[in-house]
Amino acid sequence: MKRSAQIGLLVMGALGTTTAAGYMATNRDQACQASAQTNPLAPGQECRRSIWSGGGHSSGWSRPIFGGSSFASSPGVTSGHASPGSSASRGGFGGHGGGSAGG
Amino acid sequence: MQRVTCGERPDWREQAEKVGFVFHTIDDAPYWDETAYYAFALEEIERDLEAPTAALDGMCRELVARALADERIMRRLAIPVEYWNWIAASWKRGDPSLYGRFDLRYDGQGPAKLLEYNADTPTAVFETAVFQWLWLEQAIERGIVPKSADQYNSLHECLIDGWRTIGRGRRLHLAGAIDNPEDRGTLAYLEDCARQAGLDTRVLAMADIGRMPDGRFVDVGNAPIELMFKLYPWEWMVREPFGASLPGAPTQFVEPPWKTILANKGILPLLWDMFPRHPNLLPAYFDDDAAAATLGASYAKKPLYSREGANVELVVSGATIDADGGPYGAEGYVRQAIAPLPQFSGNYTVLGAWFAAGKPCGLGVREDMSPITKNSSRFLPHAIIG
Chain U
1 MKRSAQIGLL
11 VMGALGTTTA
21 AGYMATNRDQ
31 ACQASAQTNP
41 LAPGQECRRS
51 IWSGGGHSSG
61 WSRPIFGGSS
71 FASSPGVTSG
81 HASPGSSASR
91 GGFGGHGGGS
101 AGG
Chain P
1 MQRVTCGERP
11 DWREQAEKVG
21 FVFHTIDDAP
31 YWDETAYYAF
41 ALEEIERDLE
51 APTAALDGMC
61 RELVARALAD
71 ERIMRRLAIP
81 VEYWNWIAAS
91 WKRGDPSLYG
101 RFDLRYDGQG
111 PAKLLEYNAD
121 TPTAVFETAV
131 FQWLWLEQAI
141 ERGIVPKSAD
151 QYNSLHECLI
161 DGWRTIGRGR
171 RLHLAGAIDN
181 PEDRGTLAYL
191 EDCARQAGLD
201 TRVLAMADIG
211 RMPDGRFVDV
221 GNAPIELMFK
231 LYPWEWMVRE
241 PFGASLPGAP
251 TQFVEPPWKT
261 ILANKGILPL
271 LWDMFPRHPN
281 LLPAYFDDDA
291 AAATLGASYA
301 KKPLYSREGA
311 NVELVVSGAT
321 IDADGGPYGA
331 EGYVRQAIAP
341 LPQFSGNYTV
351 LGAWFAAGKP
361 CGLGVREDMS
371 PITKNSSRFL
381 PHAIIG
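In the order they appear, the protein sequences are chains U and P.
For the first sequence, position 30 (counting from the first letter as 1) is numbered 30 according to the working numbering, and the numbering increases by one without interruption.
For the second sequence, position 146 (counting from the first letter as 1) is numbered 146 according to the working numbering, and the numbering increases by one without interruption.
Isolated chain P (complex conformation):
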């Protein structure tokens, strides 16, 4: 694994906007960054990233089954009791998942370590699946990378396959925070994949979802919502006014309700308890667990519910070396053994390993000047060289 400085394509911004990637720059700072790329050996991809991603998905599924059989775990995860049966029913039915992203600490030496799992509302999907592939094609043409270069990336095909399996030709509603450019772009891309899978699609704002007196959810034209993709976290939905109608509604959701269990940092200590010393896991404990003291004075403190690094605190030798603010933490925290992100040319680097349609299928690389990865962290392309 290497960071290779390279020249930008002079026209990449125009190309990005032409294909709808309008959030390539956020708050006047680059989000897409092709002044360098990450080069991996094929063995690093297959042995250290692809296989562990499949293993992590398997462990997470074992955890879901265990949680649904043990109400102590459901309470530990702060999942409201009125949703337990609904979540369990979704698991028992086998409601399918479309995708998820495992964030990994990896530097090319030793096993990748799970930092967290974005199981419910992962983003950075378009830039991973499409725009970095376009970069690879053109980087080969322009001699930026060798002609034999490749990329760990079948995410686009997996998403279409996933929609084909999930949708079975039905109408799909996609809902989210459509006033946010990134979320709207993500919805547009996933809608596009669904259309290629033969689904009839409609996109709407979360606030525009209607509820009929009998509890059914409908769109702005009062058409029933039978199948809905939501780019909106379960932990928010279950606590909002319509949340109480979720268990009785006939809508099939993507991601499914059982992902409520996995979209929770509490899975980190639970996985460590179920699979102690697994090479792809870091020691982790609930913050109020006496065993957390075994981590000593250096750890990462993470809220059960958090996204984009919010309310994460890195503590080294008892001193906070980095912390990001935010609205999370009311439900409690976990402590995870500190595993500093590797630095390449002064940048902290984290890998996002994608799992879609039942298999590992792609990689995104993010960089930041800070050791906590945030929404503004830059996305860099990668290539398999040799």
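Same shape as in the complex, but just chain U:
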């Protein structure tokens, strides 16, 4: 087990740059930012991942708005049916909706 200063440096150093808290705090989508340099975003859009942007925090987070985000958008298909334009069926997992699946 590691403790004391070493832990502090590791965790806090990371927090200031790329880790959990630092990443979550800034949380810019790098693919979106790169794309925006050549393809300007629409008014009102920004390269901030929507899960951390305003509105959804207390009542469940909102759906992602950028395709480049790792939080993939739902194709909106229903249980067991093929997705439009593909041969994949979806909805075969996730039937226990509602609460937390963790423990």
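Hints should not be assumed to be uniformly reliable.
Simulated DEER-style distance windows between Cβ atoms [to be verified]: (1) D287/P with S87/U: 42 to 50 Å; (2) G99/U with A297/P: 55 to 63 Å; (3) G99/U with P146/P: 17 to 25 Å; (4) S87/U with A330/P: 34 to 42 Å; (5) S87/U with E46/P: 52 to 60 Å; (6) D273/P with G99/U: 32 to 40 Å; (7) S87/U with E62/P: 38 to 46 Å; (8) S87/U with T320/P: 46 to 54 Å; (9) A89/P with S87/U: 25 to 33 Å; (10) A291/P with S87/U: 48 to 56 Å; (11) G108/P with S87/U: 57 to 65 Å.
I should point out that these hints are in silico values taken from the structure, not numbers from a laboratory.
Please read these numbers as outputs of a predicted model, since none were measured by experiment.
Every residue gets a Cβ at the ideal spot worked out from N, C-alpha and C, and that includes glycine.
Based on these hints, arrange chain P on the given structure of chain U.
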């Protein structure tokens, strides 16, 4: 082990939300609670918690090997027979585990006792790994704890190490109940650790996982899912419509399929049978085992599959003193010797001992006014003092 009342940091809510810890309050009640902290001596951590956590992991691995060699055990655990070979193959390959959390009864006196093992979908990981460490740093700065205070907590580093070993630079899909704030936060944090380990990541809802005609799993863009972390229990997945495709799919899962065996309260009587009178175990029996009568009229009755205290019943002298409702129990129950949680300032306290990347690496403390720990039980930070 002591509960020490202390002042809150006035800005902790803002800090929590700034780092993405948005579920610090659940249903208008505090989930993160820093009006007190738990102080441990280093010896208590090392002798009574860290070493037993490693021992418990070792015993659980012995149990997996034994279960896969004895179909009576697999039946006892109500694991569907069509998945046995798939589970066995995952064990034989050595599919790696990222993490797990042992819930322990401990009061500073005598050995810690295993209450249950959250082997498959443990949560409370971000608050353990990051937010209570932030508390410690600031508690030292603000004089809330001595300058020499420490914390049993290398969980963050272990998770990154674990992803580095498991991922080997591959793309990782993380799936779960992303409409639930706690689960979405847990996925975001584990995704973050994976990115720090050099993995390319994608998060998606369980319902968005696609299945191709040949049984391969794909994401919303139909890209193959080669490596998937699922914050979704195995016992649900194997019983859902796509479950039948799990054994034939080339996807590597985290947690691995062999964790199906350990994510089951049936391990409590099985461990007691394999390691009788082990100091970190409580006597336990399957509910329909005649030997369960040896527990007398006082015991904890737990469903084989259950989470967050659901359908757990505490019976003392034949009377139910506490019970939590829920949807579980169809697969059967176990009875475990009653080991009342210690009370500190009127609160019932349970310890969550983390095991990640192959080693014991951290501690979370939960409190409740009820003797059954639930999803709403408060999380308090801890420190090693002396």
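- Item | Supplied distance hint 17 to 25 Å, evaluated on CB atoms of G99/U and P146/P | violated, 40 Å
- Message: Assuming the hint says 48 to 56 Å, is it satisfied by the Cβ distance from A291/P to S87/U or not?
- Response: holds, 53 Å
- Message: Assuming the hint says 42 to 50 Å, is it satisfied by the Cβ distance from D287/P to S87/U or not?
- Response: With a Cβ separation near 46 Å, D287/P and S87/U satisfy 42 to 50 Å, so the hint holds.
- Look at the Cβ atoms of D273/P and G99/U and judge whether their distance stays inside 32 to 40 Å. 33 Å Cβ-Cβ, so the 32 to 40 Å window holds.
- Okay, A89/P versus S87/U on CB: inside 25 to 33 Å? holds, 27 Å
- Message: Within 34 to 42 Å: is that where the Cβ-Cβ distance between S87/U and A330/P falls?
- Response: holds, 35 Å
- Task: May I ask you to test the hint 57 to 65 Å on the CB atoms belonging to G108/P and S87/U?
- Result: holds, 59 Å
- Message: Can you tell me whether the CB distance of G99/U to A297/P sits inside 55 to 63 Å?
- Response: violated, 33 Å
- Given the range 38 to 46 Å, decide if the beta-carbon distance of S87/U to E62/P lies inside it. Holds - the Cβ-Cβ distance for S87/U and E62/P, about 44 Å, lies within 38 to 46 Å.
- Query: Does the Cβ-Cβ separation between S87/U and E46/P fall within 52 to 60 Å?
  - Reply: Hint holds: Cβ distance 55 Å, inside 52 to 60 Å.
- Message: Please check whether S87/U and T320/P have a Cβ separation lying inside 46 to 54 Å.
- Response: holds, 53 Å
Figure legend: structure checked against the earlier numbered hints; hints not met, in rising order: 2 and 3.
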